[in-house]
Amino acid sequence: MSRYEPDERGYWGEFGGRFVPETLVAPLDELTENYLALRDDAEFSREFLYYLRDFAGRPTPLYLAERLTEKLGGARIFLKREDLTHTGAHKINNAIGQILLARRMGKTRIIAETGAGQHGVATATVCARFGLECVIYMGTEDIRRQELNVFRMRMLGAEVHGVDSGSRTLKDAINESLRDWVTNVRDTYYLLGSALGPHPYPLMVRDFQSVIGREAREQFLEREGSLPDALVACVGGGSNAIGLFHAFLEDDVRMIGVEAGGSGDKLGMHAARFAAGGHVGILQGTKSYVLQDAAGQVAATHSISAGLDYASIGPEHAYLRAIGRVEYASATDDEALAAFTELSSTEGIIPALETAHGIAHAIKLAPKLSPEAAMIVNLSGRGDKDLMSVAEYENGRAEQ
Amino acid sequence: MSRIASRFEELRSAGRKGFIPFVSAGDPDLETSFRIVLALADLGADIIELGVPFSDPMADGPTIQASSMRALANGVRLEDVIELSRQIRESSEVPIVLFSYLNPLYQYGLERLAHDAAGSGIDGILVTDAVDEEAAEIGAIFRSNGLDLISLIAPTTSDERLAKIAANANGFLYAVSRAGVTGARSETSSAAEELVRRARAVTDLPVAVGFGISTSGQIEEVWEYADAAVVGSAIVAEIERAISLGNVPERVRAFVGSLLPAVANTGTEN
Ligand SMILES: Cc1ncc(COP(=O)(O)O)c(C=O)c1O
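First to last, the sequence lines map onto chains A and B.
Residue numbers for the first sequence follow the numbering used here, beginning at 11 and rising by one.
Residue numbers for the second sequence follow the numbering used here, beginning at 2 and rising by one.
No wet-lab data here; the hints were simulated from the structure.
Bear in mind the structure is a predicted one, so any value in this text is a computation, not a measurement.
A hint or two may mislead.
What the hints assert, rightly or not - Which chain B residues face chain A? A few, computed with CB under 10 Å, are given here:
no.	residue
1	Leu12
2	Ser56
3	Asp61
4	Ala131
5	Glu134
6	Ala137
7	Leu153
8	Ile154
9	Ser159
10	Arg162
11	Ala164
12	Ala168
13	Arg179
14	Ala180
15	Val182
Cβ coordinates follow ideal geometry from the N, Cα and C atoms, glycine included.
Using the sequences and the hints, build the whole thing.
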């Protein structure tokens, strides 16, 4: 077995597992059993690929960002255009996979958490498509900063519940989703949006997202006759990053995950789980790096992007870092904003603020590599949803 | 025999059923928790469950979430809960069970925790989010220090799992009355009785029922088929109400006294 596969209890090395209240064990067993059976089911794969192609619009292009490359004067930068999928972010890949699974399991009510709102929109979209009841939990701070997506979810027929506990962001929305699930286990399917949570979610979400890297690898090979030198992706929970990386893990390709550096190095001012303040811990069903205080209380986090503003990181990333296979870096709020503007004005592509963290790192890295080198950046989502926040932030800065 | 086991022995031979109140340690502050616990012991509580505050209580409803946050706002840490237990133990022999999420325990160190907890008169620990092999590992550490690992069972737990959980558990089994989070309800679901019946088929451990019990009627109903009733959110809600009114321990004593006339009586009979 590849060392990139988790063991049967969902552990990659010491990371992962299943840390849940007893009530959730039976539904997780049911989910695991159903998912593992479908993982090798040709009919399920065909159905999944059909919706990826005809509903979500895959394959997405691998696009050479010529003007940005030229401007930076280093490695060629290719963009994997997940922003061009239906609903505008990679989240739709996972939502399609899981909704097909939920249908086969006979579940009639779908719940999901969302941070930036992209996963909520993707979930509401597939629920509308299949006529299933949809309840989305979202922190009230995120509702404020991603208002457009709240409107989209409601338009799609979803019920959006604001979550007012904790820091009122993604973590709190996951807590509330888990509380709903534990209360309504029999008819409810929890459609988790990133490569985190208890086994089998990190594995399943990774599998559904790995279409990104499979396509990118094939597209790059076909175009260049070789493999790229580096891959770059932003890391919230870690689904777009692992989705891009997975198909390249056995290759000699450098990979960099970019966390949210926020507005400073102090605990509470960022969401860089691998920076100081991040220690191995157990949060929301999985063992991974967690931003926390010495007493094991989970720390507040900050990022300008709601989708990266989370105190823990998917367990597979913790493992890939531990074995030295993937490097992790961070980009600050200001660097992400600069990259947001740069990509918009140089390439005519407005990225999501989450994605802008990956772009920010690519901007730093490209000039250090030779013009013969090539990197692929996962353009995980488009930035329409962020225009109001960016305007607000710039106004705030102008006033200071 | 552990303090928990001997308490259930006493109950059994007296033909009585147990009452297990829950409070979040340090809500509203450690001194008040101390006085509340002594009042509860005095009223005849058979075991005290002390909640260890955690920032992300995913199995708790709004009432216990809020109490956890009040304790955290006071800076209450696991060390403080252990120290609180030591102080309680100096004044009372009531068995103490910590009720916690794993992460604060894990950061403290499980070996160190087991050692310090046992040395402070804590009798058992229930870890909300540890199951299977992880729970077995924790249970082994606790046992080697003379602590009981109290385990949850739920209506969704299969018979096969029930047997496995019981084999790794000590003290008593905590049966969750219904699928859901903690929180007061006016009715106890019929799922609880069925669950206790299934548990009896695989174990001789005493079984306590909790989650959603908030009235004397519900307690009496649970006593028909289980060995003890756990009351959490109803007491925590009373603490919350009492905070703005003042004299929290006395108000909680009056509330629990009225909730449990039968227990108050048996308490003085002992
Ligand atoms: C466009 C986009 N990229 C990235 C992320 C971060 O999530 P993940 O790390 O799971 O890809 C989000 C999450 O909301 C997102 O909307």
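Item to check | Structure-inconsistent hints, enumerated in ascending order | outcome: 1, 6, 11 and 12
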